[in-house]
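Student: Sequence:
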Amino acid sequence: MSRPVLGSAVVFAAFFGLSGTPAVSTGDVIAHGAKGDSTTDDTDAVRKAFASKVGVVRFPRGIYRITKTIEIRLDEVGFTAIDGGGVARIVMAGPGPAFRFIGTHDGTAAPRTIKPNVWANQRTPTVDNLEIIGDHPEACGVEATRTMQLTISRLSVRNCLHAIHLTHRNRNVLIDACHLYHNRGIGIYYDDVSLHQSNIVGCHISYNAGGGIVCRKGDVRNVHITGCDIEDNVSESGPPTANVLIDGRDSLHGTGEVAITGCTLQHG
892 MSRPVLGSAV VFAAFFGLSG TPAVSTGDVI AHGAKGDSTT DDTDAVRKAF ASKVGVVRFP
952 RGIYRITKTI EIRLDEVGFT AIDGGGVARI VMAGPGPAFR FIGTHDGTAA PRTIKPNVWA
1012 NQRTPTVDNL EIIGDHPEAC GVEATRTMQL TISRLSVRNC LHAIHLTHRN RNVLIDACHL
1072 YHNRGIGIYY DDVSLHQSNI VGCHISYNAG GGIVCRKGDV RNVHITGCDI EDNVSESGPP
1132 TANVLIDGRD SLHGTGEVAI TGCTLQHG
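Quick note on the numbering used here: the sequence shown kicks off at 892 and runs consecutively.
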């Protein structure tokens, strides 16, 4: 006669967890406490959404203000995608990138150098259909380090320092259909990075005072820039730069095998 009661108790525990609070098994940031009202600090709620390890973290329509970098440690949380549906805005009101993907890949693009945990937990971190606005002098958009197959699509970044920042080591990066516009620093920054195989396709990269696409130092090969409008990425008051700047000074390996095709580059 006690079985129905026990069954109810099991269902209750499964839904609410041992603490008596509802267990959240969704990547919707609203379900984790975000408000998206442009004034509330949603940093903690957004972090909880990523920590839930559900895979796709979704931002419904709204303006989400954060004050600290959201670090996504891929080997801990597993495959991760950020989806703004084209209707979400992130306001980065603190220093550093709004989102930082951190992987553990320390090999090359050759299959024999890629460790099993990279394929099991980390491959293809994705940002799609999102806007990031800077509200701090050192705010940036997206940073990636030691990732494999980073894919950034339909991202808009404005009023930041750097829009997309590639550091340390990455392999097989795809950036397409992005609007990187009117930032104080660089649109796409290869910052002393070891990166072979990167494609930048169909992007508008304009009015970034530190340069449009900039490679400094590092070990960079196989850069394909195709079908982009790259315009006026200079500053009258800042140091010399360019729409596409490749600076291999102080680098053992430098940058090579670069193809720029079907683009317009002007006023820079």
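Hints listed in this document are in silico derivations from the structure and should not be mistaken for laboratory results.
Don't take every hint at face value.
Unchecked claim - Computed cross-link-like contacts, DSS-like style, restricted to lysine-lysine with a CA-CA straight-line distance of at most 30 Å:
1. LYS939 to LYS1006
2. LYS959 to LYS939
3. LYS1006 to LYS1108
4. LYS926 to LYS1006
5. LYS926 to LYS944
6. LYS1108 to LYS939
7. LYS944 to LYS959
8. LYS959 to LYS926
9. LYS926 to LYS939
Said to hold, decoys possible - Computed spacing ranges between beta-carbons, pair by pair:
10. SER1128 to GLY969: 37 to 47 Å
11. GLN1157 to ILE1137: 17 to 27 Å
12. PRO986 to ARG952: 33 to 43 Å
13. ASP1083 to ARG952: 31 to 41 Å
14. ASP1083 to GLU1148: 11 to 21 Å
15. GLY924 to THR1004: 33 to 43 Å
16. HIS1115 to ASP997: 38 to 48 Å
17. GLU967 to HIS1158: 39 to 49 Å
18. HIS1158 to ASP1083: 23 to 33 Å
19. ASN1050 to PRO1131: 16 to 26 Å
All C-beta atoms, glycine included, are put in the ideal place defined by N, C-alpha and C.
Student: State for each hint whether it applies.
Tutor: Going down the list of hints, with the structure as the test:
1. LYS939 to LYS1006: 28 Å, holds
2. LYS959 to LYS939: Roughly 13 Å separates the two Cα atoms, so the pair holds.
3. LYS1006 to LYS1108: 26 Å, holds
4. LYS926 to LYS1006: At roughly 39 Å apart (the allowed maximum being 30 Å), LYS1006 and LYS926 break the hint.
5. LYS926 to LYS944: 20 Å, holds
6. LYS1108 to LYS939: Violated - the C-alpha atoms of LYS939 and LYS1108 are around 36 Å apart, more than 30 Å.
7. LYS944 to LYS959: Answer holds: LYS944 to LYS959 is near 20 Å, not above 30 Å.
8. LYS959 to LYS926: This hinted pair holds, its Cα atoms lying about 16 Å apart.
9. LYS926 to LYS939: 13 Å, holds
10. SER1128 to GLY969: 37 to 47 Å: 45 Å, holds
11. GLN1157 to ILE1137: 17 to 27 Å: 18 Å Cβ-Cβ, so the 17 to 27 Å window holds.
12. PRO986 to ARG952: 33 to 43 Å: 27 Å, violated
13. ASP1083 to ARG952: 31 to 41 Å: 38 Å, holds
14. ASP1083 to GLU1148: 11 to 21 Å: 18 Å, holds
15. GLY924 to THR1004: 33 to 43 Å: 41 Å, holds
16. HIS1115 to ASP997: 38 to 48 Å: 24 Å, violated
17. GLU967 to HIS1158: 39 to 49 Å: The hint (39 to 49 Å, Cβ to Cβ) holds, given that GLU967 and HIS1158 are roughly 44 Å apart.
18. HIS1158 to ASP1083: 23 to 33 Å: 28 Å, holds
19. ASN1050 to PRO1131: 16 to 26 Å: 23 Å, holds
Going through the hint list in order, the structure does not satisfy hints 4, 6, 12 and 16.
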